[in-house]
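Undergrad: Now for the letters of each chain:
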Amino acid sequence: MDELIRGLQAGRPEAFERLVREYGDRIYRFVKRLAGERPADDLTQEVFIRVHRSIESYRPEGRFESWLFTIANNLCIDHARRRKPEASLSELAGDGGPDRFAAVSREPLESMEEDERRCAILAAVERLPFEQRQVFLLREEGGMSFREIAETMGCPLNTALGRMHYAMEALRKSLKAYGMQ
Amino acid sequence: MECNRYVDEKIGQTDSAEFREHRAACEGCRRDLEELREVRDLYRDASVERYRSAMPRLRKPRTSWIPMAAAAAVLIGVFALILAGPGSDAVQTPSPEPSASVFVRIPLEPWAGDRKMNSALEDCWRRLEELEEKRR
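These protein sequence lines map, in sequence, to chains F and L. Here the working numbering is used: the first residue of the first sequence is 1, the next is one more, and so on. Here the working numbering is used: the first residue of the second sequence is 1001, the next is one more, and so on.
I should point out that these hints are in silico values taken from the structure, not numbers from a laboratory. Certain hints may be false.
As the list claims (entries may be wrong) - Pair ranges (Cβ atoms, derived):
#1 Cys-155/F to Ile-1076/L: 55 to 63 Å
#2 Glu-61/F to Met-1068/L: 32 to 40 Å
#3 Ile-1076/L to Ala-10/F: 48 to 56 Å
#4 Ala-1120/L to Gly-162/F: 53 to 61 Å
Keep in mind the model is a prediction, meaning the values are calculated, not measured. Just so it is clear, CB atoms sit at the ideal spot from N, CA and C, and this is done for glycine as well.
Based on the provided sequences and hints, a complete structural model is requested.
TA: Written out as structure tokens, the structure reads:
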């Protein structure tokens, strides 16, 4: 990791290639679920451009991944606010519903039922309130600790834990409603 | 969830010995934990999209030393003219018409957007014009 950061700070193209290769998928999935499918490509690119611009000022006090996903999270919030300037964070939502999962490209699935289960969980994640979705995605895609999530979101640790709890409960209920469990 | 005191364990924040002991006896908590793990595993299994866009075009911020150096050279030249004074050969004009200006404004397109630079150059021109006025 230190080598990657040093390479990024030195502006070496191969370091940026490695960054995109190692984190591109996770960042893309994070922004896609938080901001929606349409802006996901542009926002993912923007994350890497921001990293490029600000890597010189990066100080390794926290984990690099945490810094990276904080950038992605902030860009998603900015994007959502541009779409709904008056909305509070809890009112913000993604740009589509479960229907767009029909277009998701995946590896061949073992069965239709398995496909339905996967679509159902992704759709359920997208229906979560924005702040619960943020915590869930920072945890699952960003691999962040709840303490890091609380810092990124500027909320107390217990609030972050509570949001994750509600998110998990909502997902569990959604899947039950689909008759999946 | 039936036993709310074990929220942290159920969402994977901690895995306390107390909870491990509790869940051995609590059917509800065991089921909760299994279901939540299933939700998490299902999400990880489903979230497989790949980022397929090209590598972003990244460019180092341009260092602007060339236009700045050129601007500095122009400024030095202008000040050299000022220092030469109205009586020196540098500013004396062979023109028979005293009203004609001895200075020619050089177009400064490369720095047109630089307000600070433009302001400094304007100041130089003002001073040159004052010197020219005095000479007349």
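Undergrad: 32 to 40 Å was suggested as the range; check whether the CB atoms of Glu-61/F and Met-1068/L agree with it.
TA: Since Glu-61/F and Met-1068/L have Cβ atoms about 35 Å apart, the given range 32 to 40 Å holds.
Undergrad: Assuming the hint says 55 to 63 Å, is it satisfied by the Cβ distance from Cys-155/F to Ile-1076/L or not?
TA: Once the Cβ atoms are compared, 57 Å apart, the range 55 to 63 Å for Ile-1076/L and Cys-155/F holds.
Undergrad: In this structure, is the beta-carbon distance linking Ile-1076/L and Ala-10/F contained in 48 to 56 Å?
TA: violated, 35 Å
Undergrad: How does the Cβ-Cβ distance of Ala-1120/L and Gly-162/F compare with 53 to 61 Å: does it lie in that range?
TA: The hint (53 to 61 Å, Cβ to Cβ) holds, given that Ala-1120/L and Gly-162/F are roughly 59 Å apart.
Figure legend: structure checked against the earlier numbered hints; the only hint not met is number 3.
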